[in-house]
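K.L.:
Taken in order, these protein sequences are the chains called A and B.
Here my numbering is used: the first sequence runs in plain steps of one and ends on residue 263.
Here my numbering is used: the second sequence runs in plain steps of one and ends on residue 302.
Hints are not guaranteed to be accurate.
[Said to hold, decoys possible] No more than 25 Å apart at the CA atoms, straight line, and that leaves these computed lysine-lysine pairs for BS3-like:
#  : chain 1 : residue 1 : chain 2 : residue 2
1  : A       : K245      : B       : K289
2  : A       : K217      : B       : K147
3  : A       : K248      : B       : K49
4  : B       : K108      : A       : K200
5  : B       : K49       : A       : K211
6  : A       : K246      : B       : K80
7  : B       : K49       : B       : K127
8  : A       : K147      : A       : K119
9  : B       : K220      : A       : K245
10 : A       : K217      : A       : K248
11 : A       : K217      : A       : K200
12 : B       : K127      : B       : K108
13 : A       : K248      : B       : K44
14 : B       : K127      : B       : K44
15 : B       : K282      : B       : K202
16 : A       : K217      : A       : K203
17 : B       : K44       : A       : K246
18 : A       : K245      : B       : K44
19 : B       : K108      : A       : K246
20 : A       : K138      : B       : K44
21 : B       : K220      : A       : K217
22 : B       : K80       : A       : K248
23 : B       : K220      : A       : K143
Keep in mind that the hints were calculated from the coordinates and are not lab data.
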Amino acid sequence: MSETAHEPRNKIAHEPKSTFSQEIAAQPGGEYIRKCIQCGLCTASCMVANYTDKYRPRKMVQKILIGEREEVLSSELPWLCMTCRLCEERCQEGVSLAEIFHVVRDIAAREGHIPKVFKDTVNLVMKDGWLLKGSYTDFEQDDRTSLGLDPDLNWNEEFMKKVKARYFGKEPVEGGEQE
Amino acid sequence: MKEFVLYTGCTAPVRLPAYEAAVKAVLDKMGIKLIDMKGANCCGAQYVESVNRHAFAAMSGRILALSEKYGHDILAICGACSGSLKWVKHELDEDWKLRDEVNALLADEGLEYTGKTQVKHLLQIFHEDIGYDAIKAAIVKPYSGIRLAAHYGCHVTRPYDIVRVDDPENPTIIDRLIEIAGGTPVDYTGKTRCCGGPMLAMDQSLAVKIGLDKIRNIRNEKADGIVTACVFCDIQLTQVQFGEGVGEKERIPVLTLPQFLGPALGISPAKLGISFNKISPSKILAGVMEV
Ligand code: SF4
Ligand code: SF4
Numbered sequence: 085m086s087e088t089a090h091e092p093r094n095k096i097a098h099e100p101k102s103t104f105s106q107e108i109a110a111q112p113g114g115e116y117i118r119k120c121i122q123c124g125l126c127t128a129s130c131m132v133a134n135y136t137d138k139y140r141p142r143k144m145v146q147k148i149l150i151g152e153r154e155e156v157l158s159s160e161l162p163w164l165c166m167t168c169r170l171c172e173e174r175c176q177e178g179v180s181l182a183e184i185f186h187v188v189r190d191i192a193a194r195e196g197h198i199p200k201v202f203k204d205t206v207n208l209v210m211k212d213g214w215l216l217k218g219s220y221t222d223f224e225q226d227d228r229t230s231l232g233l234d235p236d237l238n239w240n241e242e243f244m245k246k247v248k249a250r251y252f253g254k255e256p257v258e259g260g261e262q263e
Numbered sequence: 012m013k014e015f016v017l018y019t020g021c022t023a024p025v026r027l028p029a030y031e032a033a034v035k036a037v038l039d040k041m042g043i044k045l046i047d048m049k050g051a052n053c054c055g056a057q058y059v060e061s062v063n064r065h066a067f068a069a070m071s072g073r074i075l076a077l078s079e080k081y082g083h084d085i086l087a088i089c090g091a092c093s094g095s096l097k098w099v100k101h102e103l104d105e106d107w108k109l110r111d112e113v114n115a116l117l118a119d120e121g122l123e124y125t126g127k128t129q130v131k132h133l134l135q136i137f138h139e140d141i142g143y144d145a146i147k148a149a150i151v152k153p154y155s156g157i158r159l160a161a162h163y164g165c166h167v168t169r170p171y172d173i174v175r176v177d178d179p180e181n182p183t184i185i186d187r188l189i190e191i192a193g194g195t196p197v198d199y200t201g202k203t204r205c206c207g208g209p210m211l212a213m214d215q216s217l218a219v220k221i222g223l224d225k226i227r228n229i230r231n232e233k234a235d236g237i238v239t240a241c242v243f244c245d246i247q248l249t250q251v252q253f254g255e256g257v258g259e260k261e262r263i264p265v266l267t268l269p270q271f272l273g274p275a276l277g278i279s280p281a282k283l284g285i286s287f288n289k290i291s292p293s294k295i296l297a298g299v300m301e302v
């Protein structure tokens, strides 16, 4: 058998709409997108896909591969991945959907597409240094004391100010609304 | 005596302090010394992690650098935190540019990440640092006739190459500990599936459906309780049983691993914060202690 035996008889006239998949592949964690064979095992093993029809990880990878950049970046779907990585235990090609969707989120965030809950939580943690300052009342302090635990949680608030200035500028994190 | 610096994360101290107390009581009993990490910050899991990889590395990187200052490896008791810290450690060990960037932010506090400390999740302490034999030898009031379902937590066990805790497809540490304490570990459909916790931010009703799927699978095996090793999983698997569709009598108690082990090791319920559990585990504990 010659080397060319596997080549299609007629060249398929398919061009991705954009270089989105290359953009993803160029970032750490995104490189494996090149290996996806579109088998759908990820969708089959995903609990999110199991309970909502709108979420299909294989299909989202397909959209990236065919270059639907704007559609993917402005969608809430990449933010629905729980990063549980069950699919990547199953994927025979070593593709990490959690990583690919992190890269997508990173690009989306830079272009102003961040779901409100993510935006609000990031701003909160930048301000307080930790997530639950607002929920830590006398009631919880008493619980800790009764358990013999230190009620003074001693979180550092200063460092996050540096992180914010370095990576998010002075203003709160902004993001466009998702469809 | 082995020593670790304990990073509790944001959630345990406020929403699940009984877990923190039980970790301390059980590890103390098993000869592990814990030092509370002071002046820490959020590890950045999920939220900052999703919007800026560098900011995330700075946040978890600072916690790693703090552990170097203490001179001890980190014990993380939450799946999200242990996953984040291990992930960022891996990144900082590979990507020297990122490491320099993080260290530049840490410099004026006199902190530096050099990579000399390790991050361990609670399951590793039981398996690697204490060991099954020592735990077996310390059991004074074994359970009997109690069926328990282990839930490991996605971010505790995956991705294996980075977290290195247990077999991600067929984890055994919690099951072994249930057995050692005299309980019967039960297998159930979808054991390694997610509890749905990470979905709470984006879609609460979807998160509940995913959580209840697991509860149903566990109920099908007639388990008396669920044993967890992550703050978020524990809260999620408890909370979903308080919505519609689960009758009060059907609720399955959820216990953190040290709360389960503690009574068998002769530790009092007060020290383990048993009374804080929203679904009373009295049936499970009846044989081993007065609740
Ligand atoms: S399981 Fe892997 S190869 Fe198959 S569709 Fe999903 S990502 Fe692609
Ligand atoms: S990592 Fe994301 S896509 Fe994969 S199974 Fe989990 S939720 Fe689904």
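K.L.:
If a hint holds in the structure, say so; if it does not, say that too.
P.N.:
Hint by hint, here is what the structure shows:
no. : hint              : result
1   : A:K245 <-> B:K289 : violated (37 Å)
2   : A:K217 <-> B:K147 : violated (40 Å)
3   : A:K248 <-> B:K49  : holds (21 Å)
4   : B:K108 <-> A:K200 : violated (31 Å)
5   : B:K49 <-> A:K211  : holds (18 Å)
6   : A:K246 <-> B:K80  : holds (20 Å)
7   : B:K49 <-> B:K127  : holds (19 Å)
8   : A:K147 <-> A:K119 : holds (15 Å)
9   : B:K220 <-> A:K245 : violated (38 Å)
10  : A:K217 <-> A:K248 : holds (18 Å)
11  : A:K217 <-> A:K200 : holds (20 Å)
12  : B:K127 <-> B:K108 : holds (18 Å)
13  : A:K248 <-> B:K44  : violated (35 Å)
14  : B:K127 <-> B:K44  : holds (19 Å)
15  : B:K282 <-> B:K202 : violated (30 Å)
16  : A:K217 <-> A:K203 : holds (17 Å)
17  : B:K44 <-> A:K246  : violated (33 Å)
18  : A:K245 <-> B:K44  : violated (33 Å)
19  : B:K108 <-> A:K246 : holds (18 Å)
20  : A:K138 <-> B:K44  : violated (48 Å)
21  : B:K220 <-> A:K217 : violated (29 Å)
22  : B:K80 <-> A:K248  : holds (24 Å)
23  : B:K220 <-> A:K143 : holds (22 Å)
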